[in-house]
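> Sequence:
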Amino acid sequence: MKKILIFLALVFSLIIKSQQKNDSLDIALQRITKDTQFGLALSGGGAKGFAHIGILKIIDSLGIKVDYITGTSMGGILGGLYAMGYNADQLKRTVYKVDWNRILSNKIPYHKVNISEKDEYDKYILEFPVVKGIPTLPSSYIEGQYMGEVLNTLTFNAKHINDFSKLKIPVELTSSDIENGGLIMQKQGSLPLAIRSTLAIPAAFAPVYIDGKLLVDGGLDRNFPANEVREMGADFVIGGYTGFRLFTKKEIENPMKMIYQTHAIRSVQDFKHQKALSNILVDFVDPLGEITTKDFAKFRRIIKIGETEARKHLPEFVALAEAQRKLGIKYEHEMMEEVKLPTTRFTFNEEDGTPMTDDAEIEVIKKQMGLVEGRYYDVKTVNAAIDRVFGMRQYLKVYYTYTCINDDGLVMNIFVKRAKKGAFKVALHYDTEQSVGIIVNYTYRNILLNRSRFLATVDISERFKARLAYQQFLDSGERLWLDLEAKMIHLKSNDLNFRLYDVGGGDGADYFPNHMYRNITGKIALNYNINPNAVVSVGTEFSTERMYSLLDKVDQSKFDNYSKKLYNHSNFNTFLKFEQNNLNKRYFYTRGNHLQVSTRFYYGDQYELYDLNTVQPLLYPILNPKDSYYYQPKNLVSFTLNENFAYPLTRRLTARVNLFLGMSFGSEKEENPYLFLNQKYNLGGSEYNYDLLNPEFNGLRQKELPVTSVAKAGISLQYRIMKRLYLTPSLNYGKVSERLSPFKESYNAIGYGANLGYESLLGPISINISRNDLINFWRIYFSIGFKF
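By numbering that gives the first Met the number 0, the letter at position 354 of the sequence shown is numbered 353, and the numbering carries on one by one without gaps.
Some clues are possibly wrong.
Heads up, simulated BS3-like pairs for lysine-lysine below, C-alpha to C-alpha not over 25 angstroms straight-line [to be verified]:
{"hint": "1", "residue 1": "Lys563", "residue 2": "Lys625"}
{"hint": "2", "residue 1": "Lys64", "residue 2": "Lys212"}
{"hint": "3", "residue 1": "Lys111", "residue 2": "Lys325"}
{"hint": "4", "residue 1": "Lys668", "residue 2": "Lys584"}
{"hint": "5", "residue 1": "Lys576", "residue 2": "Lys633"}
{"hint": "6", "residue 1": "Lys633", "residue 2": "Lys111"}
{"hint": "7", "residue 1": "Lys563", "residue 2": "Lys122"}
{"hint": "8", "residue 1": "Lys668", "residue 2": "Lys106"}
{"hint": "9", "residue 1": "Lys522", "residue 2": "Lys131"}
{"hint": "10", "residue 1": "Lys416", "residue 2": "Lys111"}
{"hint": "11", "residue 1": "Lys111", "residue 2": "Lys576"}
{"hint": "12", "residue 1": "Lys106", "residue 2": "Lys122"}
{"hint": "13", "residue 1": "Lys56", "residue 2": "Lys325"}
{"hint": "14", "residue 1": "Lys122", "residue 2": "Lys522"}
{"hint": "15", "residue 1": "Lys297", "residue 2": "Lys167"}
{"hint": "16", "residue 1": "Lys486", "residue 2": "Lys122"}
{"hint": "17", "residue 1": "Lys212", "residue 2": "Lys416"}
{"hint": "18", "residue 1": "Lys668", "residue 2": "Lys743"}
{"hint": "19", "residue 1": "Lys212", "residue 2": "Lys56"}
{"hint": "20", "residue 1": "Lys325", "residue 2": "Lys424"}
{"hint": "21", "residue 1": "Lys303", "residue 2": "Lys522"}
{"hint": "22", "residue 1": "Lys734", "residue 2": "Lys297"}
{"hint": "23", "residue 1": "Lys522", "residue 2": "Lys486"}
{"hint": "24", "residue 1": "Lys122", "residue 2": "Lys576"}
{"hint": "25", "residue 1": "Lys303", "residue 2": "Lys56"}
{"hint": "26", "residue 1": "Lys424", "residue 2": "Lys584"}
{"hint": "27", "residue 1": "Lys419", "residue 2": "Lys122"}
{"hint": "28", "residue 1": "Lys122", "residue 2": "Lys584"}
{"hint": "29", "residue 1": "Lys464", "residue 2": "Lys522"}
{"hint": "30", "residue 1": "Lys416", "residue 2": "Lys122"}
{"hint": "31", "residue 1": "Lys329", "residue 2": "Lys64"}
Hints listed in this document are in silico derivations from the structure and should not be mistaken for laboratory results.
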């Protein structure tokens with residue numbers, strides 16, 4: 000009986016509260032006059048804020064007039080755009096179209112990275128800025144470069160408006176002063192920058208400088224700005240709340256939830272006061288359940304919940320619409336048109352707003368942008384100009400605002416946030432052919448002169464590799480640059496010729512040593528960037544290589560005269576190379592092409608063969624250029640072309656084509672030409688290889704088939720099974736020859752297989768199964784991580 004009484008009391012209490020709410024709304028509706036002003040307050044909530052679209056959809060469908068808007072975080076985005084004239088359906092389509100994965104990362108598409116920086120981009124798991132020689136944590140997770148581009152694009156029609164009260168609907172956006180404390184209402188300035196500041200969740204997104212203040216998400220002080228919309232002049236307030244819920248005692252046993260609760264509790268308390276200022280309030284907190292602020296990938300579900308929950312309040316909205324209609328209050332909501340004004344002046348500023356003082360640096364930015372005063376530029380052109388500056392990788396963030404001085408033109412203000420001079424980077428890798436390793440990189444900019452980059456990279460593994468490189472731009476437009484590089488690789492040789500021979504010892508014992516290959520190169524080149532994705536290079540390279548064998552301790556004990564040395568060789572080459580790379584991604588690319596064309600003139604050969612006749616007699620003819628089977632071509636010149644092209648056939652399916660031609664020119668005789676190992680083309684491997692001398696070929700191990708010349712065509716179809724998971728069947732056909740041309744005395748090679756690949760945080764993961772007609776059995780290859 001007691002339980003029944005408690006239940007009846009609760010039901011009676013809910014009925015009383017509902018009636019009080021209805022009575023309160025009825026009184027507010029009765030007080031509406033022709034002069035009543037209507038406000039819309041939208042809360043923050045990260046991804047949960049997408050639910051506000053449900054409110055906007057009802058407002059549009061019923062023709063409810065809104066006179067003032069306030070917004071926080073995601074509510075600030077939707078509120079700011081709605082104030083420009085976007086309707087709910089347009090905002091919904093925008094949410095569907097935006098690449099939220101890219102919004103929530105610091106990466107930019109590979110084709111927007113300058114070709115001078117592509118060699119190091121997207122190759123590491125972690126990157127730490129170096130301060131006073133010590134790697135430190137970055138100040139925030141996301142700088143928001145792409146977010147700035149999206150916001151500038153969406154608000155471009157309002158670029159000439161610096162007073163937000165002059166938008167289609169006056170709007171104010173909340174921000175918090177993270178340095179001095181306190182709520183800041185953004186009422187004027189740059190609309191996209193104001194939106195960006197209200198989105199700057201501390202420790203997740205970088206703070207934003209506006210008027211000398213360092214601003215972050217306004218939700219720290221006022222997540223639901225109902226009071227502020229009333230201060231703007233609203234008499235009747237519609238509200239949407241997607242903010243915090245408090246965790247239970249059991250839930251806050253989780254330390255992360257305890258930290259979250261300390262932030263949320265103040266906001267929840269403030270909401271209790273703000274909700275009392277709302278006449279119609281849609282509270283999405285409970286319907287959104289366990290959806291969190293970071294669940295941007297669930298935008299479809301969130302919007303659907305928002306639409307469903309907003310419809311539950313349909314009688315309230317209908318009553319408001321009827322009250323407005325009876326008084327002749329008209330709904331007028333249309334997109335503001337762009338005013339096409341020329342850019343009359345440019346300013347160049349540090350992130351905090353102080354003017355840049357380095358004239359040479361300003362000149363570099365100007366030339367990279369390629370914009371001139373006195374012309375009108377559309378948003379696509381302006382964003383591309385900013386991307387060119389950001390693609391040089393000198394800055395963590397590059398963005399712009401507009402100031403309208405008068406009706407004659409605009410001032411474009413460019414802001415840059417400098418990257419730390421030093422960066423420490425780490426990556427892991429493993430594959431079934433060359434074992435496991437840790438790649439460590441240290442990059443330092445402007446170490447000797449401005450506009451330079453020095454890097455040192457070491458692959459700490461059994462197959463040790465290292466690289467030192469220095470770049471120095473020589474002109475103000477950052478097109479002409481000097482490239483110095485030293486590189487060492489130490490790999491287990493997959494050379495098929497070596498492994499086919501039984502290199503038995505003189506006493507009848509057979510052993511099959513591992514053959515190791517070491518190559519050290521030094522290069523100096525002068526490069527000229529034709530455009531951000533294309534470069535022509537001329538330079539000279541020195542190369543020294545060594546081949547040696549490794550026996551285990553048991554086999555070594557069988558031979559008194561065992562020597563691991565087989566072959567030493569060094570030479571020079573002078574090269575001319577053209578490269579164009581506008582692929583949209585480094586791995587699993589779906590659009591663009593990568594073309595490399597190179598010619599090399601070889602000279603200065605020095606070589607030494609060790610006493611192979613005694614220990615490994617069958618290898619001697621392979622490594623001896625003086626053998627009667629060979630001749631050494633004079634004035635050897637190689638020509639190499641490698642083209643990789645990708646085109647999306649559907650949203651999931653991409654066709655990829657590879658064409659490769661490698662051949663040489665020189666004096667010819669009837670004998671076979673002898674080319675040293677670093678002059679040959681080493682066919683093999685299933686992974687895309689940027690090295691011109693090592694074309695991939697399914698069914699072969701990496702660098703398994705060294706040939707004098709090759710012509711190859713490959714086709715593959717990359718299908719995205721699900722997010723970041725790809726299946727790629729492929730077919731390769733080649734003509735290979737031991738002559739200088741692949742079309743003389745050649746034989747055919749066919750390889751085919753399938754690759755299952757996944758884009759993971761550790762780097763690309765690949766499982767490849769392949770076969771070819773030269774080695775007639777199936778091969779399985781597994782690889783994980785970024786490559787050296």
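> Sort out which numbered hints this structure fails and list those numbers smallest first.
2, 3, 4, 6, 7, 8, 9, 15, 19, 20, 21, 22
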